[in-house]
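Asks: Residue numbers (UniProt numbering), protein chains in the order written: chain A, 1 to 192; chain B, 1 to 591.
These aren't lab readings, by the way, just hints derived from the structure by calculation. It is possible that part of the hints are untrue.
Straight-line distance between alpha carbons at most 27 Å, and here's what the computed DSS-like set of lysine-lysine pairs gives [what the hints assert, rightly or not]: (1) Lys42(B) / Lys110(A); (2) Lys299(B) / Lys264(B); (3) Lys40(B) / Lys22(A); (4) Lys588(B) / Lys175(A); (5) Lys327(B) / Lys124(A); (6) Lys209(B) / Lys221(B); (7) Lys493(B) / Lys544(B); (8) Lys115(A) / Lys331(B); (9) Lys327(B) / Lys119(A); (10) Lys42(B) / Lys180(B); (11) Lys40(B) / Lys173(A); (12) Lys42(B) / Lys173(A).
Some, not all, of what chain A presents toward chain B, calculated at C-beta under 8 Å [as the list claims (entries may be wrong)]: (13) Ser25; (14) Lys26; (15) Lys36; (16) Met37; (17) Ser38; (18) Ser49; (19) Met79; (20) Met82; (21) Pro90; (22) Pro105; (23) Val108; (24) Asp111; (25) Pro114; (26) Glu155; (27) Leu157.
For glycine and all other residues, C-beta sits at the position ideal for the given N, C-alpha and C.
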Amino acid sequence: MTEKGNILLVGVGGQGIILASKILSKGLLDAGYDVKMSEVHGMAQRGGSVTTQVRYGEKVYSPIIGKGQADIIVAFEKMEAMRWIDYLKPNGKLVINDYEIPSVPILVGKDEYPKDIIKELEHKLDVIKLKAAEVAKEIGNIKTQNIVMLGCLVEALGLNEIDWEQKIKELVKGKYVDINIKAFNKGKQLAR
Amino acid sequence: MKELLTGNEAVARGAYEAGVTVASAYPGTPSTEILENVAKYKEIYSEWAPNEKVALEVSIGASIAGARSLAAMKHVGVNVAADPLFTVAYTGVNGGLVLVTADDPGMHSSQNEQDNRNYAKFAKIPMLEPSDSQEAKEFTKIAYKISEEFDVPILLRLTTRICHSKGIVELEDREQVEIKEYVKNIPKYVATPANGRKLHVKLEEKLKKLEEFSNNTSLNKVEWYDKKIGIITSSVSYQYAKEVFGDNASYLKLGFTYPLPKEKIKKFANEVEKLYVIEELDPYLETEIKAMGIEVIGKELIPRVGELNPDIIAKTLLGENKEVIEKNEEKVVGRPPTMCAGCPHRGLFYELSKKKNVVVTGDIGCYTLGSAPPLEAMDTCICMGASISAGHGFSKAAQVNGRETKVFSVIGDSTFFHSGITGLIDIVYNKGNAATIILDNRITGMTGHQHNPGTGYTLMGEVTNEIDIVKICEAIGVKHIEVINPLNLKETKAAIDKAMEVDEPMVIITKWPCVLKKSPNEEIEEYGLADRKICEVDQDKCKKCKMCLKVGCPAISFDSEKGAIIDDTMCVGCDVCLQVCPFDAIVKVGE
Ligand code: SF4
Ligand code: SF4
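Work out the full structure: start from the sequences and follow the hints.
Replies: Here's what the structure looks like:
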């Protein structure tokens with residue numbers, strides 16, 4: 001096993017990023033990689049921006065990813081993609097959920113939600129964009145957005161040797177397993 | 001068996017494997033999950049103490065009784081626990097005693113970024129610093145051995161990155177540790193001046209032996225690679241250094257950082273050409289090493305402010321700058337944390353924000369967010385409990401100097417139990433007139449919903465005695481006490497207005513469960529939480545005055561065409577915005 005990777009998941013508190021990264025890191029662990037995953041709790045959960053960083057390889061030292069070092073960024077929210085874009089390798093991949101969550105300065109009218117974020121990023125690099133919220137709604141539960149995004153990530157990185165459905169079964173509550181597996185496979189399709 | 005654990009989970013596992021039987025803590029980011037995970041092991045008695053001083057004292061008592069015990073807290077919590085800490089260093093232990101300090105470089109969720117390694121030296125307590133989850137577990141176990149062998153308490157120092165990063169941990173079985181016999185020993189455990197003088201001499205002897213241990217232990221280990229560069233480092237900085245330098249440097253990785261292994265450091269320094277000290281925050285290692293007459297490069301290049309990372313090391317020591325994709329700052333708007341939709345604190349701060357000639361002294365908790373726009377209804381936030389005492393000081397200064405300012409101190413339920421009560425006693429005893437508002441949301445919110453003396457449940461999930469805040473205030477001698485529903489703005493305003501008039505100690509208790517709390521059934525019923533209907537905007541009636549935006553609810557946004565919009569996935573139907581709209585444009589869905 002010579003592969004290694006740096007994965008950055010960014011979004012907003014409440015979008016289910018933590019669960020997605022849990023499934024991701026458990027899958028990588030069971031595949032035999034050394035894995036480190038870093039997340040910040042506390043204030044960030046009160047509507048602030050949330051990131052988790054997952055690093056895997058034969059041996060991983062730092063739990064955090066440096067600027068220009070992420071192989072892939074999975075942005076659960078548009079503006080968060082721009083906030084973290086300097087962490088992506090110049091030839092890295094970007095998966096964006098075409099979804100807006102206005103922050104407080106925008107809600108109270110001090111700022112406007114920035115326009116054409118995806119367009120501008122598409123200028124700079126190849127972007128996989130999707131409307132995960134809509135996809136999740138169609139499947140039947142908007143809360144599976146995170147797993148749609150996870151499916152995309154797995155496909156984009158080609159991490160296909162791992163039995164992800166099994167991991168979902170292990171980490172998702174019983175009655176939600178099927179719908180999450182559906183969401184996962186839909187996400188995979190969309191990234192192709 | 002291997003598992004992915006955070007540093008906090010690993011410390012809990014380490015305590016379990018080490019045969020710990022008593023653990024006490026006060027929640028605080030980034031330390032909270034240590035005790036939450038200890039509580040999963042039924043072999044350990046675990047509890048939330050009302051504050052960190054109590055937590056450490058409980059652990060000290062258990063240690064003297066002969067049990068292996070643990071206390072855990074965030075860095076500023078150690079300030080609260082400092083009093084017993086300095087003396088237990090003198091008395092030593094019976095059962096092993098470990099104090100975990102979780103520091104927060106970068107202040108992800110703290111009011112300062114003090115470097116608690118200084119406490120080890122200051123309080124004369126041996127310190128261990130793990131650099132990842134596996135070590136967090138290992139070092140916890142070793143800490144108990146050292147504690148008992150040398151008769152000292154141990155400081156186990158973590159940082160946010162250690163606490164909240166997951167890494168692979170090898171699980172082992174629990175060691176069966178019998179509780180030690182307790183033998184009455186007055187010269188050891190009664191720190192009177194006469195005993196203390198002798199204990200101090202003993203402690204200095206212990207520290208000498210511990211320095212010898214430090215020189216020999218594999219906790220401090222050398223990794224030889226290229227000898228052109230030598231790096232002395234500890235904690236997560238070791239991982240960052242390895243990431244940047246790899247095999248291009250040799251390392252002296254310090255896991256036991258007080259007392260420092262002076263001989264080992266000297267030897268290492270002699271064998272390398274250039275010596276770096278890579279450490280986060282204060283020049284703790286650097287100062288000591290320089291005092292030994294060794295030349296090192298450290299803080300003149302590596303910042304002493306903020307969290308360290310591989311980028312900073314590569315840039316400052318190697319002049320490397322990574323190629324990055326440029327980010328367009330114009331397309332990024334800040335995303336500060338905010339009170340949740342339906343937060344019971346919102347109405348109170350909305351009403352306070354409208355008052356003129358009022359000063360609001362704040363405290364530590366979710367309600368500190370009352371200082372953020374658009375509410376901005378807070379003037380100070382210093383530390384746990386300071387809202388009441390600093391408020392009292394502020395109002396006395398105003399009084400003495402003839403200023404007409406009314407002071408309101410806002411403090412949460414958990415924080416009131418932590419260290420607000422003493423401040424309130426001060427107000428009553430010294431005839432202050434600052435008004436105290438206790439925001440009783442029935443839980444410890446900010447740290448992620450831990451029980452506290454007011455909730456009726458223990459950390460281990462048992463039903464218990466509920467401490468009654470009203471009765472405490474009465475017992476202290478407060479004559480004016482109002483318990484209100486903070487979602488009712490009229491009621492809230494009336495209570496504030498009354499406090500403006502009363503020239504005596506007054507307490508307002510805003511009682512409503514945190515919107516994120518998983519309330520027990522009784523509570524759901526008591527507050528009618530099950531059948532609340534959410535709100536919507538009647539667009540025909542909305543005059544686009546933006547008044548509702550002033551409550552700062554994240555569920556409300558504004559569109560210049562449509563007017564106010566309420567996000568139906570976020571709104572919980574607290575009705576605060578509904579009461580604010582001057583045109584009755586906000587209505588209950590389905591009514
Ligand atoms: S306060 Fe009422 S009228 Fe004014 S913008 Fe909000 S909903 Fe519209
Ligand atoms: S009722 Fe109004 S203030 Fe309360 S949660 Fe809903 S939108 Fe927010």
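Asks: If a hint holds in the structure, say so; if it does not, say that too.
Replies: Here is what the structure says about each hint:
no.: 1; hint: Lys42(B) / Lys110(A); result: violated, 51 Å
no.: 2; hint: Lys299(B) / Lys264(B); result: holds, 22 Å
no.: 3; hint: Lys40(B) / Lys22(A); result: holds, 20 Å
no.: 4; hint: Lys588(B) / Lys175(A); result: violated, 32 Å
no.: 5; hint: Lys327(B) / Lys124(A); result: holds, 10 Å
no.: 6; hint: Lys209(B) / Lys221(B); result: holds, 19 Å
no.: 7; hint: Lys493(B) / Lys544(B); result: holds, 25 Å
no.: 8; hint: Lys115(A) / Lys331(B); result: holds, 7 Å
no.: 9; hint: Lys327(B) / Lys119(A); result: holds, 13 Å
no.: 10; hint: Lys42(B) / Lys180(B); result: holds, 20 Å
no.: 11; hint: Lys40(B) / Lys173(A); result: holds, 19 Å
no.: 12; hint: Lys42(B) / Lys173(A); result: holds, 24 Å
no.: 13; hint: Ser25; result: holds, 6 Å
no.: 14; hint: Lys26; result: holds, 7 Å
no.: 15; hint: Lys36; result: holds, 5 Å
no.: 16; hint: Met37; result: holds, 4 Å
no.: 17; hint: Ser38; result: holds, 4 Å
no.: 18; hint: Ser49; result: holds, 4 Å
no.: 19; hint: Met79; result: holds, 6 Å
no.: 20; hint: Met82; result: holds, 5 Å
no.: 21; hint: Pro90; result: holds, 5 Å
no.: 22; hint: Pro105; result: holds, 6 Å
no.: 23; hint: Val108; result: holds, 5 Å
no.: 24; hint: Asp111; result: holds, 5 Å
no.: 25; hint: Pro114; result: holds, 4 Å
no.: 26; hint: Glu155; result: violated, 22 Å
no.: 27; hint: Leu157; result: violated, 18 Å
The structure shown violates the earlier hints numbered 1, 4, 26, 27.
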